[in-house]
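Protein sequences appear in the order of chains A and L. Remember, the working numbering sits 9 above the position in the first sequence when you count from 1. Remember, the working numbering sits 26 above the position in the second sequence when you count from 1.
Just so you know, these hints were derived from the structure itself, not from any lab. It is possible that some hints are incorrect.
[Said to hold, decoys possible] The calculated DSS-like cross-link candidates involving lysine-lysine, where the alpha carbons are at most 25 Å apart (straight line), are:
#1 K78/A with K14/A
#2 K16/A with K64/L
#3 K14/A with K47/L
#4 K41/L with K64/L
[To be verified] Beta-carbon label-pair distances, calculated as ranges:
#5 G42/L with P24/A: 22 to 32 Å
#6 P237/A with E77/L: 35 to 45 Å
#7 G42/L with K14/A: 25 to 35 Å
#8 V318/A with E77/L: 51 to 61 Å
#9 H33/L with E97/A: 11 to 21 Å
#10 R36/L with T295/A: 44 to 54 Å
The model shown is predicted, which means the values in this text are computed figures rather than measured ones. Just so it is clear, CB atoms sit at the ideal spot from N, CA and C, and this is done for glycine as well.
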Amino acid sequence: MTCTKCKTKAVIGLPRHNAAFCKGCFNGFIHDQVARAIKSEWMFGKEAKILVAVSGGKDSLALWDILLKLGYKADALYVNLGIGTYSEESHAKVTQFAETVAAPHGATLHIHTVEQEAGAGIKELAQLIHRPTCSTCGTIKRYQFNRVAIEQQYDVMATGHNLDDEAARLLGNVLHWQEEYLEKQGPSLPASVAGFSKKVKPLFRLAERELAAYAVLNRIDYIVEECPMAKGSKMIQYKEVLNRLETESPGTKQTFYWGFLEKQSRKQPTATTMSEKDRAVLHPCTSCSQPTTAEVCSYCKMMARAKTVAPH
Amino acid sequence: MQVRLSHPSRTVEVKGPKKAKDLLRELNLVVEAHLVIKGDDLVTEDEMLYEGDQIEIRPVISGGSPRFTSHVPPFTSPQ
Ligand code: SF4
Ligand SMILES: [Zn+2]
Ligand SMILES: [Zn+2]
Chain A
10 MTCTKCKTKA
20 VIGLPRHNAA
30 FCKGCFNGFI
40 HDQVARAIKS
50 EWMFGKEAKI
60 LVAVSGGKDS
70 LALWDILLKL
80 GYKADALYVN
90 LGIGTYSEES
100 HAKVTQFAET
110 VAAPHGATLH
120 IHTVEQEAGA
130 GIKELAQLIH
140 RPTCSTCGTI
150 KRYQFNRVAI
160 EQQYDVMATG
170 HNLDDEAARL
180 LGNVLHWQEE
190 YLEKQGPSLP
200 ASVAGFSKKV
210 KPLFRLAERE
220 LAAYAVLNRI
230 DYIVEECPMA
240 KGSKMIQYKE
250 VLNRLETESP
260 GTKQTFYWGF
270 LEKQSRKQPT
280 ATTMSEKDRA
290 VLHPCTSCSQ
300 PTTAEVCSYC
310 KMMARAKTVA
320 PH
Chain L
27 MQVRLSHPSR
37 TVEVKGPKKA
47 KDLLRELNLV
57 VEAHLVIKGD
67 DLVTEDEMLY
77 EGDQIEIRPV
87 ISGGSPRFTS
97 HVPPFTSPQ
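Construct the complete structure from the given sequences, taking the supplied hints into account.
Written as structure tokens, this is what we have:
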């Protein structure tokens, strides 16, 4: 295969774009797609202070790398969940990337360690309060990212969700007719109320395979191993099905997700209706003052429970 | 040739020469979910792989990196 643009030897074929690229042209393609996503969805401007949620995986590290190379001011937050060697390894990859790639751009890494605050890792914590590990994890990550974004005055929070993540999530929500979640599946969620940070997904135009290729080509050392809690998850099953379809008919994933976004945008100005709805039901948590629909937010409730049952 | 695989990590011996896409097919792996790396370099599916090449097939699907949403349905947005 030769590069569609410069006719030298290609390193990756992109059937969904009917193209193949060499390393240089592929990097150009990736940067263009992210720049396009940022512009078309009004994600942030050139001067914005961005907080990237990093995990040590390919997507979030690639995102941090791309934003810095595009000239944005992007710091990152890593949440150490305390899941054995998986957390140790991902933590090490993130710190290494921060020191070697991000620091020369003047970017900083924030770290939150679950064990330090809760006295236990995520698995033990979930057991203690009788909730599934992944939902406990979700609550903690959402809470901590929002807290750091607000406290350190970031304008916007960016996550590494890619086309595959969004297409698989859409498939899951459609299969279960979780309609109420559909309207929040856009790549740009406004700061609905004071105390809630704006959230964006600048990688929504890129496939998971393209991001892995970007990481490999640019020698970004990421954790290939999975979080052990993810084994056999529904999300992975949906992705596998979509990838089988994609291999047979290139473009299936983007037609599915982008088509959905286009329909949504024609339906109603989601941004305003959504934040109006949120504003009506959200108020500050009496304990930590982050926005919540209850009196005390789910994070504070969780921590309070953990403290009462924890063996001291 | 030696082919390194992940999840779980293991090495298998496959006879060359062989095109990358045929190697994937033989191992029953979907192109869209994998990258083929020869030595340190990414190669396209039509690349010929020979005896003695060091090959890694890297899965690209992740369902559990802490990317901030819950990985169990319903798949709520980060809010
Ligand atoms: S799979 Fe791991 S990272 Fe993902 S929600 Fe579950 S515990 Fe958290
Ligand atoms: Zn080229
Ligand atoms: Zn609270």
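We went through each hint and held it up to the structure:
1. K78/A with K14/A: holds, 21 Å
2. K16/A with K64/L: holds, 21 Å
3. K14/A with K47/L: holds, 23 Å
4. K41/L with K64/L: Given pair K41/L, K64/L holds - Cα atoms ~15 Å apart, limit 25 Å.
5. G42/L with P24/A: 22 to 32 Å: holds, 25 Å
6. P237/A with E77/L: 35 to 45 Å: At roughly 36 Å between Cβ atoms, E77/L and P237/A fall inside 35 to 45 Å, so the hint holds.
7. G42/L with K14/A: 25 to 35 Å: holds, 31 Å
8. V318/A with E77/L: 51 to 61 Å: Since the Cβ atoms of V318/A and E77/L sit about 60 Å apart, the hinted range of 51 to 61 Å holds.
9. H33/L with E97/A: 11 to 21 Å: holds, 19 Å
10. R36/L with T295/A: 44 to 54 Å: At roughly 53 Å between Cβ atoms, T295/A and R36/L fall inside 44 to 54 Å, so the hint holds.
Of the numbered hints listed earlier, not one is contradicted by the structure.
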